[in-house]
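K.L.:
In the order they appear, the protein sequences are chains S and Y. Residue numbers for the first sequence follow this note's numbering, beginning at 2 and rising by one. Residue numbers for the second sequence follow this note's numbering, beginning at 2 and rising by one.
Since the hints were derived computationally from the structure, they do not count as laboratory data. There's no promise every hint is true.
[Claimed, not checked] Mimicking EDC-like on lysine to aspartate or glutamate, the simulated pairs with C-alpha atoms at most 20 Å apart in a straight line are:
1) S:Lys204 / S:Asp217
2) Y:Lys6 / S:Glu170
3) Y:Lys260 / S:Glu288
4) S:Lys303 / Y:Asp106
5) S:Lys204 / S:Glu170
6) S:Lys52 / Y:Asp137
7) Y:Lys332 / Y:Glu235
8) S:Lys332 / Y:Asp272
[Unchecked claim] Across the chosen pairs, the derived CB separations fall in these ranges:
9) S:Asn10 / Y:Tyr195: 36 to 44 Å
10) Y:Ser141 / S:Ile20: 21 to 29 Å
11) S:Lys307 / Y:Asn8: 26 to 34 Å
12) S:Thr64 / Y:Glu264: 51 to 59 Å
13) S:Lys307 / Y:Lys315: 42 to 50 Å
14) S:Gly183 / Y:Glu264: 28 to 36 Å
15) Y:Tyr195 / S:Leu51: 25 to 33 Å
Note that beta-carbon positions come from the ideal geometry of N, C-alpha and C, so glycine has one too.
Protein chains: 2
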Amino acid sequence: MAAQKININDIATKTGLSISTVSRVLNGKAEQFRIGKKSQQKVNEVAKELKYIPNKFAASLRTGKSNTIALIIPTLQNPFFADLASNINAEIRRFGFTTMISDSDENFEIEKWELRQMISRNVDGLIIVPNGNQWDHIKSLYDRGLPIICIDRYFEDSELPFVSTDNYEGAYNATKHLIENGHSRITCIQGVQYSTPNKLRVKGFKIAMEEAGFHDYIVTGDDFSLQNGYLETELLFHQKQMPTAIFTLSNTIALGCMKALKEMNIRIPDDISLITFDDHPYLNYLETPLSCIAQPVNDISKIAVKFLLSQINKEENRIKQVLLKPQMILKKSVRRII
Amino acid sequence: MAAQKININDIATKTGLSISTVSRVLNGKAEQFRIGKKSQQKVNEVAKELKYIPNKFAASLRTGKSNTIALIIPTLQNPFFADLASNINAEIRRFGFTTMISDSDENFEIEKWELRQMISRNVDGLIIVPNGNQWDHIKSLYDRGLPIICIDRYFEDSELPFVSTDNYEGAYNATKHLIENGHSRITCIQGVQYSTPNKLRVKGFKIAMEEAGFHDYIVTGDDFSLQNGYLETELLFHQKQMPTAIFTLSNTIALGCMKALKEMNIRIPDDISLITFDDHPYLNYLETPLSCIAQPVNDISKIAVKFLLSQINKEENRIKQVLLKPQMILKKSVRRII
DNA sequence: TTTAATTAAACAAACGTTTGTGCATTTTTT
DNA sequence: AAAAAATGCACAAACGTTTGTTTAATTAAA
Numbered sequence: 002m003a004a005q006k007i008n009i010n011d012i013a014t015k016t017g018l019s020i021s022t023v024s025r026v027l028n029g030k031a032e033q034f035r036i037g038k039k040s041q042q043k044v045n046e047v048a049k050e051l052k053y054i055p056n057k058f059a060a061s062l063r064t065g066k067s068n069t070i071a072l073i074i075p076t077l078q079n080p081f082f083a084d085l086a087s088n089i090n091a092e093i094r095r096f097g098f099t100t101m102i103s104d105s106d107e108n109f110e111i112e113k114w115e116l117r118q119m120i121s122r123n124v125d126g127l128i129i130v131p132n133g134n135q136w137d138h139i140k141s142l143y144d145r146g147l148p149i150i151c152i153d154r155y156f157e158d159s160e161l162p163f164v165s166t167d168n169y170e171g172a173y174n175a176t177k178h179l180i181e182n183g184h185s186r187i188t189c190i191q192g193v194q195y196s197t198p199n200k201l202r203v204k205g206f207k208i209a210m211e212e213a214g215f216h217d218y219i220v221t222g223d224d225f226s227l228q229n230g231y232l233e234t235e236l237l238f239h240q241k242q243m244p245t246a247i248f249t250l251s252n253t254i255a256l257g258c259m260k261a262l263k264e265m266n267i268r269i270p271d272d273i274s275l276i277t278f279d280d281h282p283y284l285n286y287l288e289t290p291l292s293c294i295a296q297p298v299n300d301i302s303k304i305a306v307k308f309l310l311s312q313i314n315k316e317e318n319r320i321k322q323v324l325l326k327p328q329m330i331l332k333k334s335v336r337r338i339i
Numbered sequence: 002m003a004a005q006k007i008n009i010n011d012i013a014t015k016t017g018l019s020i021s022t023v024s025r026v027l028n029g030k031a032e033q034f035r036i037g038k039k040s041q042q043k044v045n046e047v048a049k050e051l052k053y054i055p056n057k058f059a060a061s062l063r064t065g066k067s068n069t070i071a072l073i074i075p076t077l078q079n080p081f082f083a084d085l086a087s088n089i090n091a092e093i094r095r096f097g098f099t100t101m102i103s104d105s106d107e108n109f110e111i112e113k114w115e116l117r118q119m120i121s122r123n124v125d126g127l128i129i130v131p132n133g134n135q136w137d138h139i140k141s142l143y144d145r146g147l148p149i150i151c152i153d154r155y156f157e158d159s160e161l162p163f164v165s166t167d168n169y170e171g172a173y174n175a176t177k178h179l180i181e182n183g184h185s186r187i188t189c190i191q192g193v194q195y196s197t198p199n200k201l202r203v204k205g206f207k208i209a210m211e212e213a214g215f216h217d218y219i220v221t222g223d224d225f226s227l228q229n230g231y232l233e234t235e236l237l238f239h240q241k242q243m244p245t246a247i248f249t250l251s252n253t254i255a256l257g258c259m260k261a262l263k264e265m266n267i268r269i270p271d272d273i274s275l276i277t278f279d280d281h282p283y284l285n286y287l288e289t290p291l292s293c294i295a296q297p298v299n300d301i302s303k304i305a306v307k308f309l310l311s312q313i314n315k316e317e318n319r320i321k322q323v324l325l326k327p328q329m330i331l332k333k334s335v336r337r338i339i
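Build the full structure now, drawing on both the sequences and the hints.
P.N.:
This is the structure:
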């Protein structure tokens, strides 16, 4: 089995040329090294004939470059991240690089494991949506000179480069929107509490509330998951006073929330208003299309890739940390009251 | 910048041992080669101290193994594939392998490009959802001895191993369900026509219809996309006689279909019934939860990985092509008529 | 006490590339 | 016709591992 893989040497033998010549032709350095036209042609012909596929490992071992970018995200199950991954993969391909996508399963230990795997495969750069509240493992690689950029989630107290959304503004606007529609009893269901986007979203929510003079709002929840949205919503309605609006900090939380509301026969927006972070095609087809704060996924992808490549090419960059404006998309889940 | 990456040699120097000894300790072959306890300890200490990360490229070059599995899917934007990718990634990790996920953007040329990239990175195996109607590029690798398994989409006329769903039965059952609920004017909106799952789904639909004595059904469409679902549904209602039910062959098509219906103010299931292939959490929260034919994504993932690993371990396998039973999940999108 | 067996580790080749340097051969210049 | 320059390519080292073979030192057997 396993017909002998053919290599540069086979081509050298078959053409009667040396491996250095073959290598140079195959790498487009023929002119630079004055390889004769006939030799070039012979090499190319034989390479095609033998279906030569270069061994990147060998090349990479020699050059130290792998032409590969690692992308680590918390989970592909979340369409927001899947979308991000798809966009980044396509964008990276445009520049001739290959992407190694990895799903850390929202688990910090797995993230570290995957990261080690990537590093030991000599990736040229890393794009990561970190899922813990520690960044030593990332920072130490960055300090070693590995080009890195965090997207979506990042660390405020670190100098690690990032591209994300202005989460504060998004949350502020969403809350303002609810307030302008007459809501004052608003509950915010949050995700992982220590994550930067979550903290900033909560901050945006609180400040908008305080500015409006509302001081006894509720912020609850602890995970960017369907279950969390479901559970927190359930609990919410076992309290004395129901909110008139809910602000969920992710699309997954929103779905969980909707599930609970449905089970309790609470209608959106008739009985309660709902607005959420993250957009997605699916949100348009829900029972009630959800008004949301959309993140510019495509822009984030493009900027992250551009930025990473400039790091790889050792270009100087003054700006290393970017926040893009979110967009509020109004659908049908918020009702004006009073 | 780029603090010198440390290698096995640095450890050898620092411990005063040889690189072969270090290598053996690090690879857990210490006992086998009778390396002294103190030496072992020294090596491990120094490795930790220097934060040594092995260079898999060098190892792989030497061994020919990479401990990496390639996964190529049409697009992460489709939650069905994202789900599959996430499951497979997790499953593969359990066996100590790393997954390289790649999104071919539903494009045959890109698929070939990605495949070359993977091969040149010495992957030990390949799991692929092929997106064309040619398989030479895959088959030739298989013949060279690369362990391969197709999932979801596969080729009937090839001996390439696959794990997929019994698409025929799924479609047959879905159609039967519509018929049993009194529908006779049923339209099927299909995806890519040459793809095996699509062909079998259409076959299941047709046979169920014929068996029931209905001969003038419509099968239309040509892409597993939202747009296709949308367009075909639009066109459908410019015809003389409207169907009473639609069977969409993927979740993406279903969404497009729903969008068109909504725009035309046609209600599900009051005005028309709808059933679709593929399940997804989101389908439960739609305006009308969609009845569907669910594929056993998790089982497909597990079996595919198990099967691939057995190929890698050169175990004999009698059964190389597997079809799993789909499950019909009834929600609220099919109405009994007459 | 010499020889054999065991233990512990070193040597060196190989994996498939890339690349700096060197060496013929041919062409151009003087 | 001799020297210089240009052309076309080959040699060999290096990248960081793994692994088959040796070697040295220690212990056990004779």
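K.L.:
If a hint holds in the structure, say so; if it doesn't, say that too.
P.N.:
Evaluated hints:
1. S:Lys204 / S:Asp217: 15 Å, holds
2. Y:Lys6 / S:Glu170: Measuring from Cα to Cα gives roughly 41 Å; hence the hint is violated.
3. Y:Lys260 / S:Glu288: 12 Å, holds
4. S:Lys303 / Y:Asp106: 16 Å, holds
5. S:Lys204 / S:Glu170: With a Cα-Cα distance of about 9 Å, the restraint between S:Lys204 and S:Glu170 holds, given a limit of 20 Å.
6. S:Lys52 / Y:Asp137: Status holds; Cα separation ~13 Å.
7. Y:Lys332 / Y:Glu235: Not satisfied, since the Cα-Cα distance of roughly 24 Å exceeds 20 Å.
8. S:Lys332 / Y:Asp272: 24 Å, violated
9. S:Asn10 / Y:Tyr195: 36 to 44 Å: 40 Å, holds
10. Y:Ser141 / S:Ile20: 21 to 29 Å: 25 Å, holds
11. S:Lys307 / Y:Asn8: 26 to 34 Å: Check passed, 32 Å falls within 26 to 34 Å.
12. S:Thr64 / Y:Glu264: 51 to 59 Å: Holds - the Cβ-Cβ distance for S:Thr64 and Y:Glu264, about 55 Å, lies within 51 to 59 Å.
13. S:Lys307 / Y:Lys315: 42 to 50 Å: 45 Å, holds
14. S:Gly183 / Y:Glu264: 28 to 36 Å: 30 Å, holds
15. Y:Tyr195 / S:Leu51: 25 to 33 Å: Holds: the Cβ-Cβ distance is about 31 Å, inside 25 to 33 Å.
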